[in-house]
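Participant: This is what each chain is made of:
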Amino acid sequence: MSAIVEVNNLSKSFGAFVAVDQLSLSLQRGEVLGFLGPNGAGKSTAMKMITGFLPPTSGQVNVCGHDIEKSPIQVKSVIGYLPEGAPAYGDMTPQSFLNFVAEVRGLTGKEKQQRIEAAIEKTHLNSVLHKSIDTLSKGFKRRVGLAQAILHDPEVLILDEPTDGLDPNQKHEVRELLKAMAKDKAIIISTHILEEVGAVCTRAIIIAQGKKLFDGTAQELEELSPDRNSVSLSLCLDDLKPAISALKLVKSVRSVEQRGESLSIQANSGTSIINDVALLCQEKQWPVKVLKVEPVQLERVFRQITTNPEKLREVRT
Amino acid sequence: MSHILAITKRELNSYFGTPVAYVFLVVFLVLCGVFTFYIGGLYERGQADLRPFFDSLPWLFLFLIPALAMRLWSEERKSGTIELLMTLPVSVQAAVLGKFTAALLFTATALALTFPLWITVNYLGEPDNTVILGSYIGSLLMAGAYLAIGSSLSALTKNQVIAFILAVVVCFLFIFSGFPMVLDLFQGWAPQFIVNAIASLSFLTHFQNITKGVMDLRDIIYFISITAFWLYLNVVIVEMKKAD
Chain E
1 MSAIVEVNNL SKSFGAFVAV DQLSLSLQRG EVLGFLGPNG AGKSTAMKMI TGFLPPTSGQ
61 VNVCGHDIEK SPIQVKSVIG YLPEGAPAYG DMTPQSFLNF VAEVRGLTGK EKQQRIEAAI
121 EKTHLNSVLH KSIDTLSKGF KRRVGLAQAI LHDPEVLILD EPTDGLDPNQ KHEVRELLKA
181 MAKDKAIIIS THILEEVGAV CTRAIIIAQG KKLFDGTAQE LEELSPDRNS VSLSLCLDDL
241 KPAISALKLV KSVRSVEQRG ESLSIQANSG TSIINDVALL CQEKQWPVKV LKVEPVQLER
301 VFRQITTNPE KLREVRT
Chain F
1 MSHILAITKR ELNSYFGTPV AYVFLVVFLV LCGVFTFYIG GLYERGQADL RPFFDSLPWL
61 FLFLIPALAM RLWSEERKSG TIELLMTLPV SVQAAVLGKF TAALLFTATA LALTFPLWIT
121 VNYLGEPDNT VILGSYIGSL LMAGAYLAIG SSLSALTKNQ VIAFILAVVV CFLFIFSGFP
181 MVLDLFQGWA PQFIVNAIAS LSFLTHFQNI TKGVMDLRDI IYFISITAFW LYLNVVIVEM
241 KKAD
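First to last, the sequence lines map onto chains E and F.
Here my numbering is used: position 290 in the first sequence is 290, and no number is missing along the way.
Here my numbering is used: position 71 in the second sequence is 71, and no number is missing along the way.
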């Protein structure tokens, strides 16, 4: 099956400043792509080019078979877009705002009513329908923006920081909503919250300084972590030194650090060491208090990739 | 077409959704009264026509129309909604036309509300109503030219006050281009045809032709082409500045 969204060598420069540098990506139906990167990495600029708001300096964007520069109106009609900061007309109410967007999108009559009602229901806007958008809280404003983006049941959804400013419950709701819609759509979300990648995305792209540094699944991202398969071990022993030296002798162990009461044991990359450690504990008859695999800290991987791209290439090759 | 209509409807609602629209209408009507009766001396002239009213319109429009047009694009740019609007499936041309139409309809409403003046002169005497009708149409055409200028310039900046001042200055030049103070600048060095061309750009001369009752197609074409030119410029400016 061919890709719904196809981006080729997309670049954008403002004067001498290169905001997006030769970005390529493709997206299939059913995929949720997480766009990650530090602030100012070019995430929003890239999204603005894909949605046809900014003309690219060079490169092509093709959405559902339409080229963005040749037929911008067709591209825009199959995309639902939530711009950064969820701008909306403050003097309107959510009801009249959604009505406006529906009309501009060419919906009429019964279909228009049904679509508006469905969007309101999905984003839980019922309680604020007739208040002016200016007076709404940040969370509600974001949801109005989201309702506007999903209104016409678009094939491609592009959301710039959809969960920014929402409380944990609302974040959860938005993620559930995205998951529910993901089946028959192609979705791109930008975020700098890494847990989101694991929670909703099937794929992640990391960009920094306009360049694509990583493209793969959330799991592949975790595998880049040098701390993967680390084990944390707490023992009821007064003197931990013999245990440390014994652990260091295990083949699959790379290093052992003492952190307060517990030991942090790093694995040689790729291998699981919790069995080896457990066996050793049994053999030495240490009184074990806690033994667990430490969760990978995606934040560290992210920092490593975005601040030190050269090192990453070494890790991957 | 339905896109343009949706945008026009939204703009009109946002005019009437705030008290500003009503304040504007009241100020406009009060000033019309002041100019017509006190400064223009409608009664003292002893003639049953609306010349004092129509003669004052270019000056009223000079400040009131830029006030109507200033928020059309600058607010979109300031609040970021321009990104929303420009990623909906509408062309820039449609958006520009939709907004312009809304402002023009609002101006038409304001002009229509001056009907008591028309009733007054008809009660007092027997005015030439075709001239009055023609003058109203001419007023709306002139308002269109003012609005197109104001709308274009409001796309240049995110600040409504700057948009207002720019529009007043440009409209002022268009009014005065037939007057010696502007023409003298060119008289000494520019060839005569340029001086004539500049003089023929004046809103006043064309508008006065219409209110005198001389219905010349050229005056109508003049206002329509000025409007079209500035609306075209508006599209270009929006394209250029939307993402700044």
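Please note that the accuracy of each hint is not assured.
[Said to hold, decoys possible] Listed below are several chain E residues computed to face chain F (Cβ distance under 7 Å; list not exhaustive): (1) I73; (2) K76; (3) Y81; (4) E103; (5) G139; (6) L166; (7) Q170; (8) G216; (9) Q219; (10) C236; (11) E257; (12) A278; (13) C281.
Since the hints were made in silico from the structure, they are not lab data.
All C-beta atoms, glycine included, are put in the ideal place defined by N, C-alpha and C.
Participant: Against the structure, test the hints numbered earlier, and report the numbers of the ones violated in rising order.
Facilitator: 5, 6, 7, 8, 9, 10, 11, 12, 13
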